[in-house]
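K.L.:
If you're matching them up, the sequences are chains A and B in order.
Residue numbering for the first sequence follows this note's numbering, starting at 1 and increasing by one per position.
Residue numbering for the second sequence follows this note's numbering, starting at 1 and increasing by one per position.
Please keep in mind that the hints were generated in silico from the structure rather than gathered at the bench.
Everything numeric in this text was worked out from a predicted model, so none of it was measured.
Incorrect hints may appear among the rest.
[Claimed, not checked] The list that follows gives simulated cross-link-like pairs (lysine-lysine, DSS-like), each with its CA atoms no further than 30 Å apart: (1) B:Lys-135 / A:Lys-568; (2) A:Lys-596 / A:Lys-682; (3) A:Lys-457 / B:Lys-53.
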Amino acid sequence: MQNSNKLQTQNNKVLVIGGGLGGIRTALDLAEAEKDVVLVDKDYTIGGLMTQLDRTFPTNNCDLCTLAPHLSESNRQEHIELLTMTSVVGVTGEKGNFTATLDTQPRFINLEKCTGCGDCLKHFPECVRFNPGLDHRAPTCMRYPQATPQAFSIDLDKCEDVEALVKICPAEAINADDMVIRREVRCSSIVLSTGASLFDPSELDYLGYAKFPDVVTSLEYERILSASGPTGGKLVRPSNDKQPKKIAWIQCIGSRGLQKGAGSYCSNACCMFALKEAIVTKERFQEDIETTIFYMDMRTFGKDYELYFERAKNEYGVRFLRSRPHSILQLEGSDKLNMIYTVDDSTKQLNEDFDMIVLSTGFKTSEESRKLAADIGIELNSDFFPVTDGFNSVATTKPGVYVAGTFQSPKDIPETMVQASAAACMAATDLPVLDVKVEDTEEEQATERDVSGEEPKVGVFICDCGDNIGGVIDVEALVEEAKNLPFVTVSKAEGHGCSRISMDNIRKTIEEEGLNRVVIGGCSPRTHQAKFQDLIQTAGLNKYLLEIANIRDQATWVHSGKPEETSKKALELLKMAVGAVVKAQPLTDQTLPINKNILVVGGGVTGMTSALRLAEQGFQVYLAEKSDKLGGVARDIIKTLEGNDVQEYLTDIIAKVQGHKNIQIITRAMIVDHSGMPGMFKTGMQSGPQMFYRQIEHGVTIIATGAQPNRPPLYLLDQCASVRTQLETQQFIFTNPEVVKTWENVAMIQCVGSRIPENPNCSRICCQNAIKNALAILEINPDARIFVLYRDMRTYGFQEQYYQKAREKGVIFVRYKADDPPVVEMAGDQVDVTFYDPILSQKVSFTVDNLSLSTGMIADNDSTEELAMIFKLPRTGDGFFLEDHVKLRPVDMSVPGFFVAGTAHSPKLLNESIAQANAVAARAQTMLARDVINLGAASARVDGKLCAACLICVRACPFDIPFINADGYSEIDPAKCHGCGMCVSECPAKAIQLMQFEDDRILAKVEQLLERISA
Amino acid sequence: MEKFEPVIVAFCCHYCAYTAADMAGSQRLPYPTNVKVIQVPCSCKVDALHIVKAFEKGADGVYVAGCLEGDCHFKNGNEKAARRVEYVQKYLDEIGIESERLEMVMMSAGMGYRFAQVATEITEKIRKLGPSPIKTATAL
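Isolated chain A, as found in the complex (with noise of 0.2 Å):
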């Protein structure tokens, strides 16, 4: 908007065609790193599918609440160039130098002078745009109460009076001669993020989707359940508007091949997405609701799912029925649904009634998003998704143009995130390296108003955030009672503090007011304290006059069931939060040079695509691999499910990463020590074989430590010789063909070692493996009889298709229980495999020539344990590194300046691997575009007068920072101090105080808690 004759001249742009999570994650990740961006979205706010979501899993959380800072991140970006409601018409030239053709729809409203206020809404409700959920209208039209940009949309065409509709508006934004924009964009890459649709069940009759109003699909569901939603979050039946007492869902529709007009794919996330919804479901109404999930196989391979779908099982009693259900019927004068089904392995018809029913369907590319890939010239695959890099899963059949999240397969929102930050990195590859200096925005820190002499002004804002502290205790009577705390000027109810409306709101009380402090009653400070800052900020506050009360994870979502005692506490915490803003003083941030160079810890395929990848943008990279070779577990893989060769790849760029001459490798590395503090790190290695010591300094650590290859002793492993892992049945096949082609009877056994009390996550990789094996030795040995015994089958994707494929070629899948696994003795060079089959009711045995034990990968717990100690780096339960936010920063850690990518993270295939080492170096190069590093205001500071030194605090300090100056006393230099308080506390003199965490700070809190005691 600001800067289009810029637009029409220079080509250094990237196009991100799409504005939902992922291309807005990729915006942001490029707008981070000093590149210019043009997101288009058709929809006249962003946020795609999302913003239609409930919670997500696994964490059950809030998605707007998640969502919210993201988008209006993005809005004010001075390096995003926003366009809505605007589609690509066409696009012409190649990578480096593209040209797209965009229209933009009239909205009939002037962004600039739209306030939200939603009149417009309120006297022409027929005119205002709105599309999300099951009905119009329900119960603002806009979109979210977060929504960017917060403006409405007009349809002229249902509009009778225009003229009235203009006149209504008070800002005069409305615009009745707003019409299509035409323009075009010069970009050098192209990134498309156009998401996918659901399948649309209306044609399959038996399910009875276009007859019953209770039939409804997964998102609609979403849409009942939500807030926001067309009920505001009531869950009824849409039928009658009572509560349900049983509901059921049914997996794949529209997937897996099943249903006229379904993909042949399975679109991945459907399973956790009802799994979530019938846990959402049971959490609010407990005993007095029945949920039921009839399904294929569930698919729980994401990293800790498995733990999600046991917590379904046992702690909320969530029911599965393995089944197919063949038909809905609702019976004359029933208001029930009839379900006809059989279970599982028995052929007995069974009738069984629902409340409702909620059909999981799946992903399909639009035609829209088919009609966009043939304009720019991108291959699709026979499932009408592109055709993508079998390594680089964002790379399309044309160069510069990279595709990420739904659109290039079915997936859940984190892994969007990651191809989204993947496709940032590549998209960026194909810029002119420019070397601007941005400009200061030094006039945007507005002047602060100095409030030091004024007697302390609060403001009490507390938001309900739908019903997450809404729906449980008196959002109203509270804020009545936080009017009577000390110092309290005004209290207010802010519904989603964290939506734009309100923090305007909240910003114009500032002013208006002249309030100098101000509280927040609503979530945790880790998620939106830096918001709420960069709100008061914009008010002329300076940001640490600021406490958030969290009562919504510290009470209303814990301690449900209780909301007397909810209220008392929810106002307790605002009174400590009252009392400790009104000590708290303005402050001033430290700020440091970085240090741009990166340390990659670990040589394997995704250290060294992250190391090559930041190389190739100009930074010097230290790759540290504990071994002698480079390479990791990659070496002994040959070929992929796709058929992709990975020697060749391997070998490929193992030459890049020793030619380039930014990267400096380190083999034999062991990390010994590390300190420092985010973009100024210093970490100690000994290396090479005389085990020399180094220090390294470094801004950036990358994790690419990989997962070691599972080995338990289970099933004759290491006993008989035909007993072989996955892994090394592959390499087998390729070596001995001749004796491959000898092999009768061979058997599999699924889930070795993983999905059990001991290691109870799922290993992801190994149902493709082992089809990829099977079709292995049928293309050696057609004659091969096959077994494959499971527990669940779980090629999520495309991988499906070769599932398919093995099932054609003859391949026998058995499933087995967890509590009866086959038995497996040795006989003679061969292997006695005894196991039940389900279909024929009875146990079978037979003799097998191969045996081979799909036994996953584990977490490297030796190595992990310690470079976790060394780094200070959370891991999960089973050893794997913690990424900070499961959905939305799924490559970030929680310690800022650490990035954690491929098996580290979790088990994953090859081509995800290498797409997170893409992420990764987005995301690194998103902190190493900055020049200096914010330390925060968190620093000790010594009062002269009172210090004695006495040494403790040079002691004390786990960093050595306190020195005693010329002057005689103890000096801490806040640019160094790491802002533990150890000083503070260990001080005899109290001379040392923590900045924002003042001792009369911390005590006014105590003060105030237990006031009404001691009175």
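Put chain B on the given structure of chain A with help from the hints.
P.N.:
Relative to the frame of chain A, chain B by itself:
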């Protein structure tokens, strides 16, 4: 007399315990309302004075929650905090406040479950101990 509801102050370090509390929240793991969290950058920031002040003002129980041993973001702040807690416990005994009312606990950021469990256990323990002697004294 109505049922005794103890007031318990939990000083939680930013990196682990406070994050664990958030985790307990997002997983909706219930624990008693008696526990009120005060955030500190590191458990070692909790001064003996803060603890004693809390008791003086009438808290029935206090606990300091830091990272697991070896996981402290500031090298060994949690261990120092543990030593300080031990010291204050002795002091409490001397002045006639049961030292069981004060505790040091450790947990990692991912342990939402442990946070809820610790909060529940400590509340139960303090409930059994009854109101703090200071509270009883000042109520007279």
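K.L.:
Now look at each hint and say whether the structure bears it out.
P.N.:
Okay, the hints, checked on the actual structure:
1. With a C-alpha separation of about 20 Å, the suggested pairing of Lys-135 of chain B with Lys-568 of chain A holds against the 30 Å cut-off.
2. This hinted pair checks out: Lys-596 of chain A and Lys-682 of chain A have alpha carbons roughly 12 Å apart, not beyond 30 Å.
3. The hinted pair formed by Lys-457 of chain A and Lys-53 of chain B meets the criterion: a straight-line CA distance of about 27 Å does not exceed 30 Å.
Of the numbered hints listed earlier, not one is contradicted by the structure.
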